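Student: So the protein lines, in turn, are chains Y and P. Going left to right, the first sequence walks through residues 1 to 65 as our numbering numbers them. Going left to right, the second sequence walks through residues 1 to 334 as our numbering numbers them.
Do not take every clue at face value.
What the hints assert, rightly or not - Covered stretches of chain Y (in silico footprint by chain P; criterion: 3 or more residues with CB under 8 Å from a CB of chain P, positions within the stretch not fixed):
no., stretch
1, 29-38
2, 45-56
What the hints assert, rightly or not - A few chain P residues facing chain Y, derived, Cβ under 10 Å:
no., residue
3, P86
4, V87
5, A106
6, G108
7, F112
8, G163
It is worth saying that the hints were derived from the structure and are not from the lab. Here the structure is a predicted model, which means the values were calculated and not measured. For every residue, glycine included, the Cβ atom is placed at its ideal position computed from N, Cα and C.
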Amino acid sequence: MTPWSDGAAAYCDRCGEPVCDRDHTECLAHREMEPPRYCPLCRRRMVVQVLPRRWSARCSVHGEA
Amino acid sequence: MTDVAEILEVAREQVLGSGRGLSEAQLVEVLRLPGEDLPALLELAHAVRLKWCGPEVEVEGIVSLKTGGCPEDCHFCSQSGQFTSPVRALWLDVAALVEAAKQTAATGASEFCIVAAVRGPDERLLAQVRAGIEAIRAEVDINIACSLGMLTQGQVDQLVEMGVHRYNHNLEAARSYFPQVVTTHSFEERWETCRLVRAAGMELCCGGLVGMGETLEQRAELAAQLAQLQPDEVPLNFLNPRPGTPFGALPVMGPADALRTVAAFRLAMPHTILRYAGGREITLGELGTREGLLGGINAVIVGNYLTTLGRDADDDLDLLAELQMPIKELSKSL
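Could you build all of it, start to finish, from the sequences and the hints given here?
Tutor: Laid out in structure tokens, this is it:
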């Protein structure tokens, strides 16, 4: 199991702010048309690769989103 | 029943009848048309597109070869190294470029554009582009375009020699508004690259963005300045406000304004390939693609953009089939 799948997200993967600090509904809506930018576990900015029909995002510590 | 606006009557005769684009002053009138005239305006723009360009739609995919870390300060762009954008720098390897070209070709697209976030290409970037083009050519049957920033004559010559079919370099904004959008280079520098590309015989792809706080007059000015360049293709982008950029808090353009702009650009440039580019999903929503394709658009970017995601390519292809708009074949663009 990856650390992504255990529901332990502490940070919003769009804005990088703590998920418990405020409502991130707007971020969630934006995420429909954006790849994630921050690691939800450690808030590091991820390396994101966007291709025409897929994307990938990788945290240097926690791996692929 | 209301009378048809006078500018629409003029446009019908001048653009539909004679193939002559509207002037900047006439475009201002078009952009000021009230909402009740929008259906008639879109219908006219569609008729102009069908008469002067035909029913075909040119499909293109794009990919970012070099993402982020750009020294320029284009205020709409999340890839500038001058802003606190969450986009991290990344280079794509040749294998990923080939994969992106294959994904694009699988949609039936005839165009694949390799893009880099740079002021202009250095030797390392040109070497990567050359390697990428050679690898794509060996495996994928598709036209290759590039967008690598401002060029010198020598760099233009190298791209021609590599067989680059079309070069993208947008004006971005009208000359009068450009200093509010970019301060690290000038409108004239962009214009010069476009001129070099045309003079070298490459197809010129040159468009811009709307919804960046410009006036209607400046929107008309952009269309008129583009028309003066006579580009083969005009990609029309709508601002998608990016976090961390100077334009990050601007409101998204309203859909009626966006559609009016589509139609105005078609009436300014009746013969060009007018492409729906970035921001169409967030600006126009689900119905916008259909309305645009029935309002002057004759080209789309399918799939994802450079740093954001697009509609599912299959949704666009299904829509084209439903509208009975054939995808332009590769052989017809060679």
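Student: Please check whether P/V87 passes as an interface residue: C-beta within 10 Å of a C-beta belonging to chain Y.
Tutor: Constraint on P/V87 satisfied, holds at 7 Å.
Student: Once the shortest beta carbon distance from P/G163 to chain Y is found, is it less than 10 Å?
Tutor: violated, 21 Å
Student: Examine the stretch 29-38 of chain Y: at least three residues should have C-beta closer than 8 Å to a C-beta of chain P.
Tutor: Per the Cβ count (6), the hint holds.
Student: Can P/A106 be said to touch chain Y, with a Cβ gap under 10 Å?
Tutor: Since the shortest Cβ distance to chain Y is 8 Å, the answer is holds.
Student: Is the shortest C-beta separation between P/P86 and chain Y less than 10 Å?
Tutor: holds, 4 Å
Student: Does the interface hint hold: is P/F112 within less than 10 Å of chain Y, judged Cβ to Cβ?
Tutor: Because about 9 Å separates P/F112 from the closest Cβ in chain Y, which is inside the 10 Å limit, the hint holds.
Student: Can you confirm whether chain P covers the stretch 45-56 of chain Y, using C-beta to C-beta distances below 8 Å and requiring at least three such residues?
Tutor: holds (count 11)
Student: Do the numbers back the hint for P/G108, that is, is its least Cβ distance to chain Y under 10 Å?
Tutor: Result: violated, 13 Å to nearest chain Y Cβ.
When the structure is compared with the earlier hints, violations turn up for hints 6 and 8 and for no others.
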